[in-house]
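Based on the hints, put chain Z in the right spot on chain E.
In the order they appear, the protein sequences are chains E and Z.
Reminder that position 549 of the first sequence reads as 549 in this note's numbering, one-by-one numbering, no gaps.
Reminder that position 470 of the second sequence reads as 470 in this note's numbering, one-by-one numbering, no gaps.
Hints are computed from structural coordinates only; laboratory data are not their basis.
Please read these numbers as outputs of a predicted model, since none were measured by experiment.
The beta carbon of each residue, even a glycine, is placed where N, CA and C say it ideally should be.
The reader is advised that the hints may include incorrect statements.
[To be verified] Derived coverage of chain Z by chain E (criterion: at least 3 residues anywhere in the stretch with Cβ under 8 Å from a Cβ of chain E; other residues may be distant):
(1) 341–348
(2) 352–366
(3) 387–396
(4) 451–457
(5) 465–471
(6) 483–489
2 protein chains.
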Amino acid sequence: MSKDRLIYLPLGGAGEVGMNAYLFGFGPKGRERLILVELGVTFSDMGSSPGVDLIMPDLRWLEERRDRLEAIIITHAHEDHVGGLGLMWDRLRVPVYARDFTARIARLKMQDAGQDPEKVITVGKAPEALELGPFRVQFFPVAHSLPEASGLIIDTPAGRVVHSGDFKSDLTPGVGEPHDPELLAEIGRSGVKVLLCDSTNVMNPAPGRSEATLVEPITELMRSAKGLVVATTFASNVARLKTLADAAQQAGRSVCVMGRAMLRMIQVSTEAGILRDFPSTVSPEAARDIPRENLLLIVTGSQGERRAASAQLARGSFMGMQMKEGDTFLFSSMTIPGNEREVGRVVNGLSQMGVDVLDNAGRLYHVSGHANRPDLVEMHDLISPGIVIPMHGEHRMLREHAKLALSRGLRAVVVPNGSVCDLTDDAPVLVDEVETGRVYLDGSRLIGAMDGVVRDRIRMAIGGHVFVTLILDEENEALGAPWAEIAGLRAEGRSGEALNEIIEAELEEFVARAGHKVLADDDRLNDGMRRVVRQVVMEEIGKKPEVTIVVSRLVGD
Amino acid sequence: MSKDRLIYLPLGGAGEVGMNAYLFGFGPKGRERLILVELGVTFSDMGSSPGVDLIMPDLRWLEERRDRLEAIIITHAHEDHVGGLGLMWDRLRVPVYARDFTARIARLKMQDAGQDPEKVITVGKAPEALELGPFRVQFFPVAHSLPEASGLIIDTPAGRVVHSGDFKSDLTPGVGEPHDPELLAEIGRSGVKVLLCDSTNVMNPAPGRSEATLVEPITELMRSAKGLVVATTFASNVARLKTLADAAQQAGRSVCVMGRAMLRMIQVSTEAGILRDFPSTVSPEAARDIPRENLLLIVTGSQGERRAASAQLARGSFMGMQMKEGDTFLFSSMTIPGNEREVGRVVNGLSQMGVDVLDNAGRLYHVSGHANRPDLVEMHDLISPGIVIPMHGEHRMLREHAKLALSRGLRAVVVPNGSVCDLTDDAPVLVDEVETGRVYLDGSRLIGAMDGVVRDRIRMAIGGHVFVTLILDEENEALGAPWAEIAGLRAEGRSGEALNEIIEAELEEFVARAGHKVLADDDRLNDGMRRVVRQVVMEEIGKKPEVTIVVSRLVGD
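For reference, chain E alone in the conformation it holds in the complex (with noise of 0.2 Å):
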């Protein structure tokens, strides 16, 4: 007879900020009954992944004892904890809990990728409870930028866990319910085993603002500024979208709201009761007969992103507005390392119209939805945990996090994507490694992250690609000679003859010297071509392209 023993084994989220997909077990060992805790999204980048539409953690060792799990748990609606439900439900099938905002979010991505909303069930927050195999599950609620965002309590016969979910420290988040020290004190007394917490600004050393000191310098804003006035920020953050809507309200000016995410985000939460003092808004089209200087657009783009409203308005125009000298532009967001060009493309696109651009560097029109360094360490003394497990962020910030909780006399430990945590007794043990990995929706499909596909197509972006075609006949003799295709590469070699032609006739040399053993065997012949098409690719212009041969046996009819 086994012992039962209670696990953690991040498969997302512990390695990145984004694509959070925790899970726990109890049980025998190796029988452990599971429950996933979020199931989000990470974004795509150039560098890595071109041409991704969409990043989520590979689930395939979840898949494989997917009838040991019990249910999948979304703590808050936004994209890294809830974007990647809909594409990847089927490969799960246990039904979904959340609160009633999140719920309903939930049940939307759920009718995007074709699966049933039916399977997502709303759950009020504590004292009402879950009971899941051998886990009871309470959400809490916690202070973040939009409404519902929760913690979890999970008791299991091994002790209580606590999930922290995403959270700040702010006592008037605008939306949302705000942070309640006297609650979590409370869940604190009751006794916490492990505390799994949120990281991603463990870095950032002063205490967190709230996104109540936005309201004047942005109402400010709107009243000084002399035209139109465009401001964004990410779509899913509402409780910002209803601190500029209240803002231009307050200055006179109408709102319109751009963008379908956003629409989205709003309808769900007034739908849902949450969200009743929305100022009206005005479409886009009624936006064009108001005055710039009684008008506020909201639009999506915080990133950059090229085929957003705000990189639309930087090229020229978007959906028939345009901007111009004497206009404002406001970023209310943070730029997310790594998309600083994008940002800045857009930032020089609008200084070249002459539009004012303002973003949060003097601190008056941003703040986070994350809990910096010191409002963690309120939350490890509030909760006063055996142990802190750092998780949502990237490996740095996990070590750090532990670091600064093991500063203060606690007891803690990264456990990365993959690494199963022993956390039956006082001390946690790292037991086992898991595969874990990503997986891409790329176009309609998804695909692994390490099938290669991705690969190859930073290989052509990075070195171009050489495409041979050889026709043979039954007799392994070259009907006309090789045809050689350039794509993403200089025309023409460092003699000014096409490169093409180049690569052709020293294939036609090969191909003539060629013993017969090789043009009869695909694999030598395809290797010899490939060699010579990279050598005289490298000689002729200094790069190593992608290759692809394609010999062509005509058989007789």
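Below, chain Z alone, put in the same frame as chain E:
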């Protein structure tokens, strides 16, 4: 008889940080004699220029007028000022002037590119003067982060122009001449018509800090670190190399410099007699035998470049050296906006090894080489020019810099790349636009940024590449079925069938149905097949690939 005029025309650097190339002209309209100040490079990124090795300004306008060009002048030896010289000199073929250290680096650039290093002529600082047609040019020392950084006094019949070069207000810069307010004031008192002024740090409201402030924290770090210390900075930041090496020596650590560009900078500085007291260094082989706690490695890769030493260390090892728990890695550098992801990858890799990574977050380990906002104000005041023209920066920085000057009662104008500014009279006037752009070093050859080569690579990176071959005989009858190969795309369509086979089946049907007119017409046949491929790929996997069609027409022997 047309009146002589003084013109300014930036070909690079007035729209980006990097790629500096500023043209001045004096003479009758259309016949002005010209001098080019700087011929720099900027760096590529995966988003907009994947696979590109270096980016330089497009000099076509100047090449067509090179008979009017008197000289190229280089203010200092950083890549963004001299890096394009070797590769582009052949297009201009005029003498190059620089101070001793800069000239030595410039000669190496010429040599590397197979050009005659003797075209680079050493000039002393003011009062030594160059007479270049209507221009009289003197170099004056400014503080930066390497030896002999200079500004220029350019006297013309229309008045005196001062070109700030890259500068900061550092009285103790470690290497190179200190900031000299008295000298600048003296130049200012001589009557300056126009100040061309560095803009890269105009957004930074704090006064710049001195290189000397780093000595204590870096030495303390080297002393208190338990294991190996590895530090990275820009290869060309000679001042920082010295600060790091001196600190190591103070802390009883041997110094090993890894990286050709760094070693070259140190060697040239030493040869030029400028860096007499650089601590002696050990070779990588010798370093392996030195106890870790007595060693500092200075390595390249401060921007997370994949192939540089820092990234290799983060992946495992570099030249036989490995990092491990208890070691320290120092980024004595700033991350260029847009490189955060690459740098993050290095930091997380090191974090996973248990290495303590320090960067400039606490403002202890790096200072910029450029003037911040208050330092720019000081420069304006000292030079007190009739006109301020911001240079070296993105458009938003140039605009902000111009606003700063205007707000203090100075005349200022933004002159972006390609704009011709007439400076003859008191008020500057934008009189013309010329075509400018970028030239890429791609492998060993140059290509134009707008040639479509890199655009095709980006398209393949995003959409993948489908390659189709069709063989027709003399009667335009298909010999065998069309053949499709895919690269960078998922191998199976939504049905689970092989994507290339689905494409082939659809193409076969298309060819079978196509009339003789279509089969006989390459353009129509290609267009039709391309359309079929795009449609199939969109339906099957939701991607829009690049498509290359090759129709081989067999002709009788």
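Hints and how they fare:
{"no.": "1", "hint": "341–348", "verdict": "holds (count 5)"}
{"no.": "2", "hint": "352–366", "verdict": "holds (count 3)"}
{"no.": "3", "hint": "387–396", "verdict": "holds (count 3)"}
{"no.": "4", "hint": "451–457", "verdict": "holds (count 5)"}
{"no.": "5", "hint": "465–471", "verdict": "holds (count 4)"}
{"no.": "6", "hint": "483–489", "verdict": "holds (count 5)"}
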